[in-house]
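K.L.:
Everything in the sequence shown is counted per my numbering, starting at 71 for the first residue and increasing by one.
Simulated from the structure, these hints should not be mistaken for lab results. Possibly wrong hints are sitting among the right ones.
What the hints assert, rightly or not - Pair by pair, the computed Cβ-Cβ distance ranges are:
| id | residue 1 | residue 2 | range |
| --- | --- | --- | --- |
| 1 | Glu109 | Asp131 | 29 to 39 Å |
| 2 | Glu112 | Ile85 | 15 to 25 Å |
| 3 | Glu79 | Arg126 | 35 to 45 Å |
| 4 | Leu116 | Val139 | 12 to 22 Å |
| 5 | Glu112 | Asp83 | 20 to 30 Å |
| 6 | Pro82 | Trp128 | 18 to 28 Å |
| 7 | Ala107 | Leu87 | 18 to 28 Å |
| 8 | Pro82 | Arg111 | 37 to 47 Å |
| 9 | Pro135 | Asp83 | 12 to 22 Å |
Just so you know, even glycine gets a beta-carbon here, dropped at the ideal spot from N, CA and C.
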Amino acid sequence: MTTYRAFREAYPDGIVLQPASEGSAAVSGYDPSGYEAYEEREAFGLRGMRGEGPEREWHRDDLDPKTVV
């Protein structure tokens, strides 16, 4: 991981999906240890990671929803 500033300096022409916000935005609550628990849960997406959002279905046979790609 890197900061927005470091990314911008290293890749001035790079595309950022969500640029840094103006003002005092809330810090994202990402904790690397949460990924281990996520792997063990049956749910996926935000529901599996943080218990938020609707329960989703997966309709693919060729790829598991948690396959690392």
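K.L.:
Return holds or violated for the Cβ distance of Glu79 and Arg126 against the range 35 to 45 Å.
P.N.:
holds, 37 Å
K.L.:
So the hint says 18 to 28 Å: do the beta-carbon atoms of Pro82 and Trp128 match that?
P.N.:
violated, 38 Å
K.L.:
Okay, Glu109 versus Asp131 on CB: inside 29 to 39 Å?
P.N.:
Given range 29 to 39 Å: violated, Cβ gap about 21 Å.
K.L.:
Measuring from beta carbon to beta carbon, are Pro135 and Asp83 in 12 to 22 Å?
P.N.:
violated, 33 Å
K.L.:
When you take the CB atoms of Glu112 and Ile85, is the distance between them in 15 to 25 Å?
P.N.:
violated, 34 Å
K.L.:
Assuming the hint says 18 to 28 Å, is it satisfied by the Cβ distance from Ala107 to Leu87 or not?
P.N.:
With a Cβ separation near 25 Å, Ala107 and Leu87 satisfy 18 to 28 Å, so the hint holds.
K.L.:
Hint says 20 to 30 Å; check whether the CB-CB distance for Glu112 and Asp83 agrees.
P.N.:
violated, 41 Å
K.L.:
Just to be sure I understand the hint, the distance between the Cβ atoms of Pro82 and Arg111 should be within 37 to 47 Å; is that true here?
P.N.:
About 39 Å separates the Cβ atoms of Pro82 and Arg111, which means 37 to 47 Å holds.
K.L.:
Starting from the hint 12 to 22 Å, judge whether the C-beta atoms of Leu116 and Val139 obey it.
P.N.:
Holds - the Cβ-Cβ distance for Leu116 and Val139, about 18 Å, lies within 12 to 22 Å.
Violated hints, listed in ascending order, are 1, 2, 5, 6, 9; each of the other numbered hints is respected by the structure.
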